[in-house]
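Trainee: Taking the hints into account, I'd like the entire structure generated from these sequences.
Residue numbers (numbering that gives the first Met the number 0), protein chains in the order written: chain D, 0 to 547; chain F, 0 to 423; chain V, 0 to 200.
Among these hints, one or two may not hold up.
Unchecked claim - Here are the simulated DSSO-like cross-link-like pairs (lysine-lysine), alpha carbons at most 27 Å apart as the crow flies: (1) K309/F x K56/D; (2) K83/D x K189/F; (3) K232/F x K276/F; (4) K30/F x K191/V.
Think of the hints as simulated: they come from the structure by calculation, not from any bench.
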Amino acid sequence: MPETIRLTIDGKQVEVEKGTSVIEAARVAGVMPPHYCYHAGLTVAGNCRMCLVEIEKMPKLVTSCTTQAGDGMVVLTRSEKVKKGVAGVEEFLLANHPLDCPICDQAGECRLQEYSFKYGKADGRFREHRMNFKKDVEVGPHVVLDSERCIMCTRCVRFCDEITKTGELGVFQRGLHNEIGIFPGRALDNAYSGNVVDICPVGALTLKEFRFRKRVWFIRDVPSVCGACATGCNVNVGTGENRIYRLTPRENPNVNGWWMCDEGRLSYKATLEAPRIVNPEARAGSGFETIRLPDAASRVADRLRSAGASGAAVIASANLTVEDLWIVKRLVAEAIPSLRAVVPERQRGADDGFLIRADRTANRKGAELLGFDVDRGGASTRSLLADAAAGKITTLLVLGEDLSTLPGGVAVLAAIGVTGGLVVVDPFVNGAAPHAGLRIPAAAYGEFEGTYVNVTGRAQRVRRGVTPRASSLPYWQFLSLVLGKLGVAAAFGAAPEILKEIAAAVPAFAGVTWTALRGSGLPLAASGAAARAPAPLGLPAPAGAARG
Amino acid sequence: MTEKLLTRNVGVAGSATLAVYEQRGGYQSLKKAVTLPPESVADEVKKSGLRGRGGAGFPTGMKWSFMPKDSPKPRYLIVNADESEPGTFKDRLLMEEDPHLCLEGFIISAHAIRAKTVFVYVRGEFVKPYRMMQAAIDEARAKGYVGRNILGSGVGCEVVMHRGAGAYICGEETALMESLEGKRGYPRLKPPFPAVAGLYGCPTTINNVETLANVPFILERGADWYLTIGREKNTGPKLYCLSGHLKKPGVYEAPLGTQLMTLVNEMGGGLWRGDRKLKAIIPGGASAAVLTSAECADVPMDFDSLAARKTMLGSAGVMVLDDSVCMVRALERLLRFFAHESCGQCTPCRVGVDWIHRIVKRIEAGDGQTGDCETLLDVCDNMVGKTICVFSDAAAMPATSFVNKFRGEFDDHIKQGRCTLPEA
Amino acid sequence: MSETRAGTGGLKVLPSDPRQIPGFAAGSVAVRGPAGPEGITPDPGGPLSPESLREIDRLIALYPDRRSALLPALWVAQKEQGFVGVKPMEEIAARIGVSPAFVAGVVSFYTMYQTRPAGKYLVQVCTTLSCYLRGADKLVGHLKRRLGVDVGGTTADGKFTLTTVECLGSCGTAPMLQLNDDFHEKLDPIGKVDALLDSLK
Numbered sequence: 000m001p002e003t004i005r006l007t008i009d010g011k012q013v014e015v016e017k018g019t020s021v022i023e024a025a026r027v028a029g030v031m032p033p034h035y036c037y038h039a040g041l042t043v044a045g046n047c048r049m050c051l052v053e054i055e056k057m058p059k060l061v062t063s064c065t066t067q068a069g070d071g072m073v074v075l076t077r078s079e080k081v082k083k084g085v086a087g088v089e090e091f092l093l094a095n096h097p098l099d100c101p102i103c104d105q106a107g108e109c110r111l112q113e114y115s116f117k118y119g120k121a122d123g124r125f126r127e128h129r130m131n132f133k134k135d136v137e138v139g140p141h142v143v144l145d146s147e148r149c150i151m152c153t154r155c156v157r158f159c160d161e162i163t164k165t166g167e168l169g170v171f172q173r174g175l176h177n178e179i180g181i182f183p184g185r186a187l188d189n190a191y192s193g194n195v196v197d198i199c200p201v202g203a204l205t206l207k208e209f210r211f212r213k214r215v216w217f218i219r220d221v222p223s224v225c226g227a228c229a230t231g232c233n234v235n236v237g238t239g240e241n242r243i244y245r246l247t248p249r250e251n252p253n254v255n256g257w258w259m260c261d262e263g264r265l266s267y268k269a270t271l272e273a274p275r276i277v278n279p280e281a282r283a284g285s286g287f288e289t290i291r292l293p294d295a296a297s298r299v300a301d302r303l304r305s306a307g308a309s310g311a312a313v314i315a316s317a318n319l320t321v322e323d324l325w326i327v328k329r330l331v332a333e334a335i336p337s338l339r340a341v342v343p344e345r346q347r348g349a350d351d352g353f354l355i356r357a358d359r360t361a362n363r364k365g366a367e368l369l370g371f372d373v374d375r376g377g378a379s380t381r382s383l384l385a386d387a388a389a390g391k392i393t394t395l396l397v398l399g400e401d402l403s404t405l406p407g408g409v410a411v412l413a414a415i416g417v418t419g420g421l422v423v424v425d426p427f428v429n430g431a432a433p434h435a436g437l438r439i440p441a442a443a444y445g446e447f448e449g450t451y452v453n454v455t456g457r458a459q460r461v462r463r464g465v466t467p468r469a470s471s472l473p474y475w476q477f478l479s480l481v482l483g484k485l486g487v488a489a490a491f492g493a494a495p496e497i498l499k500e501i502a503a504a505v506p507a508f509a510g511v512t513w514t515a516l517r518g519s520g521l522p523l524a525a526s527g528a529a530a531r532a533p534a535p536l537g538l539p540a541p542a543g544a545a546r547g
Numbered sequence: 000m001t002e003k004l005l006t007r008n009v010g011v012a013g014s015a016t017l018a019v020y021e022q023r024g025g026y027q028s029l030k031k032a033v034t035l036p037p038e039s040v041a042d043e044v045k046k047s048g049l050r051g052r053g054g055a056g057f058p059t060g061m062k063w064s065f066m067p068k069d070s071p072k073p074r075y076l077i078v079n080a081d082e083s084e085p086g087t088f089k090d091r092l093l094m095e096e097d098p099h100l101c102l103e104g105f106i107i108s109a110h111a112i113r114a115k116t117v118f119v120y121v122r123g124e125f126v127k128p129y130r131m132m133q134a135a136i137d138e139a140r141a142k143g144y145v146g147r148n149i150l151g152s153g154v155g156c157e158v159v160m161h162r163g164a165g166a167y168i169c170g171e172e173t174a175l176m177e178s179l180e181g182k183r184g185y186p187r188l189k190p191p192f193p194a195v196a197g198l199y200g201c202p203t204t205i206n207n208v209e210t211l212a213n214v215p216f217i218l219e220r221g222a223d224w225y226l227t228i229g230r231e232k233n234t235g236p237k238l239y240c241l242s243g244h245l246k247k248p249g250v251y252e253a254p255l256g257t258q259l260m261t262l263v264n265e266m267g268g269g270l271w272r273g274d275r276k277l278k279a280i281i282p283g284g285a286s287a288a289v290l291t292s293a294e295c296a297d298v299p300m301d302f303d304s305l306a307a308r309k310t311m312l313g314s315a316g317v318m319v320l321d322d323s324v325c326m327v328r329a330l331e332r333l334l335r336f337f338a339h340e341s342c343g344q345c346t347p348c349r350v351g352v353d354w355i356h357r358i359v360k361r362i363e364a365g366d367g368q369t370g371d372c373e374t375l376l377d378v379c380d381n382m383v384g385k386t387i388c389v390f391s392d393a394a395a396m397p398a399t400s401f402v403n404k405f406r407g408e409f410d411d412h413i414k415q416g417r418c419t420l421p422e423a
Numbered sequence: 000m001s002e003t004r005a006g007t008g009g010l011k012v013l014p015s016d017p018r019q020i021p022g023f024a025a026g027s028v029a030v031r032g033p034a035g036p037e038g039i040t041p042d043p044g045g046p047l048s049p050e051s052l053r054e055i056d057r058l059i060a061l062y063p064d065r066r067s068a069l070l071p072a073l074w075v076a077q078k079e080q081g082f083v084g085v086k087p088m089e090e091i092a093a094r095i096g097v098s099p100a101f102v103a104g105v106v107s108f109y110t111m112y113q114t115r116p117a118g119k120y121l122v123q124v125c126t127t128l129s130c131y132l133r134g135a136d137k138l139v140g141h142l143k144r145r146l147g148v149d150v151g152g153t154t155a156d157g158k159f160t161l162t163t164v165e166c167l168g169s170c171g172t173a174p175m176l177q178l179n180d181d182f183h184e185k186l187d188p189i190g191k192v193d194a195l196l197d198s199l200k
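Mentor: Structure follows, in structure tokens:
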């Protein structure tokens, strides 16, 4: 049992573990002092001097982030002395800060703005000429630096030194000429560079892909998870005008801490840029003609029924939600018993020991827990596609996968393409879509609501932030229609209903409810995840650049 | 006190060589020290009342007592030879003219705190002192005074010379350690204090060159003798650095507590120009509050007396200004120094020092505005006591004292839009 | 000169270009180089010689922690090439085990490390208070005229670079300057500095 101590902050008594800093104790008390350089995920720098507090019996104001809480301490965060000190620090920060608010991305989520209103003075007395630095330097493929706005909190430098251990950023010069920068000829190009934009309290570091796109007060943040790999970093999907403008990491100590990788951060762009299947379509001559949804479901049902378990198969992407996959399960268990179904393995590179997994799918664990063949080593996919290429399979239902990029897939396109037996259910016109007999528009990332189970067995909610494009619909919704046409009653109104059925039927999901997945998700007992400690977020030092 | 101690070898031919140093009585103290237990050496220094000569005046014996009794980690003595406080040039004199005295002091002190390694951090610009010290170390090593087994006593001490590269802030002890560790010279957060976790996280004591140069004498003649020099709680000889508008600027040794005007008139030879009058004196280096000529009448030059007069002895850099000096211009020159040297780590100092510099610069150039002095004083108030180190205070204190004590000149500049003093 | 504009309550309004403010020396307006790929615009420099690398290795072994050898290693590089260029910074970074950005941060913090070639003689005139009181500004003015360069500039023949520096710890012998490694003190009257420059090849 760790030793605890008691202290009083602004009259409130709190009990914290010995060794806790005053700033964290204040957070517990609900009176977090203003701060810039302090970040719970980085070492303490204590250089912004904004978190000043008054502690009884100490003659000077102290920074709460560098002071350890002591038993019996009496702390004041808003005494007159503190107010003057903090207002003074805020004035110093604004003194050399450019009046960029009208053109700065950070406006609306800028600490300098917030604290200026809450803790600062109404007038500025600085009448001198301000320091001038270069204002829009691309320090990396995704990050732009404006040194005039920089308040030298060094969060970004500490991030590159301590989290990614790549040390690209340095502090140059001395005194007021201090500026953040990179070494000549190099760039801030590690796989997590976007995080420095999140932690920068002001608009000094901005994301190239988001720069000048949208004012943050027009953005609605939807808490969700990233779908780019099996880690399932918690994110906020920033939506506006019914499209996604950005992804930012959401804190979850059990999954991703405060961070996410650049690839995941930008993974939403595919939903905007890649051509979409807009309406259900059936092949007509050399092109496609739009058909109605119930008609599409009938056609799929007919093809499956006539091909039967021996002549049909399902390839389901591991990016499908648990709810989607449950309907697939019912398809292969009840509607067309023994229908072959494979969830292909999609690996790229290796686990980097931090957040990026070789497994580039979001829900492989979920598929595994539902009893699917998750195709270890790719054998199942190869065998199924070989059969399809050989003509043994005449109806192939491909859900969310791009057949043209699976090993042996191209041969299948040639074989099955002409028969019209390829049914592609996908958000995008992927490489296989031109060969399909039927194309059904599926909801893309951000347009559906469901459950993903990450690699450690934590079930998390992936949430809808924008309405599905045109006639797109979640996989489970379309497949339910197909099930209905095959005589299996599967009328679900929404994903939570499906989860309820899963919880009752699958031991791994016992006790899981839709509301229980809120916030930071739920470790599933069956996979042993609950007993497992949170995944450590350490990155082994890359060769050549040991220390920063 | 007429006997020269710290400067006894200055001006003597060959004073920097081991042969002459030994011939004049040197290294007797070291020979004695290595036969004594470290604690007894430390006790003697503590009894003597020796206070740090680098600027803070912290009792040396007390500082040494902060070193842990038992610790498995290596212990370090760092000698702060980064002398960069404007007006100060005494450590340079000692290292160039009597490097063996310094070295003997270093080794005895290392033994007192059971440190096996001494790092001498000398500022980058001091190339000659660096070479003199290195030559002295080489000579001493050959004689057995430096090394793993000093004179067969079993006491070991290595002395390593380490050059800085131009940063006043590296005279701050934690910034010095950062620089020694190969980083930018950013002062560290305290606690932990150096004696607990200093260089490489190990128990470390940092002392000034002049401070340690006193130690051989204390050990040789005893703390009781040392207590007879100077005043109560301000004991020992002091090297005063006189500069500015004097006939004979230079380093002068006198007991702590010597009257300021005695230093100025008797040793410094009085004002350099007969047709000028004394206007102001900065008693303790650039960071000390200025004294008007009226305030200089009765000023014993010791730590406590100057503190009582709301200034400080500091590094004893006595800068004399005559009445040709425009105090606005003088302050601008001082603040230019501070703005150049701020490390930039924390907000109040990084912004504040440059801000007050720009205000004074503007006033000096004739573009002052009503309210500038009030702004400057309030900004100084916001700079004090809220930073990681006291550099900010060191800039704010003189600025405040100049503006308060010579307010008329500042107001004049603002009203007239120019300096009304004739060009010097 | 500044003007008083109507409606500002009698406050003087400063010109928008700081260089027009009288007495506003160029050094206080930092229009710095980019922090992007050109970094702190140091010269590329050349690879370090085997002798220098050996010395750097010796220094690394000398200290209890490798990184303590960084400042001494940078001195070795500057001794060899006259300044610390990009290539030596990278080599030293790799040898010691820190990132190049870290090394560049250290180089730019300390004023004595040059990042671009300077003249054969680096003239560093102290201009802090005690030297100012004894005529440092006149000394600088004289040198500017004599050498025909501004502060920070190098003579056309590459012989002299003129800079001003802060307190060199020689206040008792003011005014003075440092020429490469050596102090030249008590440079009053001005003729002394002329004699000094004349003596330099």
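Trainee: Determine which of the earlier numbered hints do not hold for this structure and return their numbers in increasing order.
Mentor: The structure conflicts with hints 3 and 4, although it agrees with all the remaining ones.
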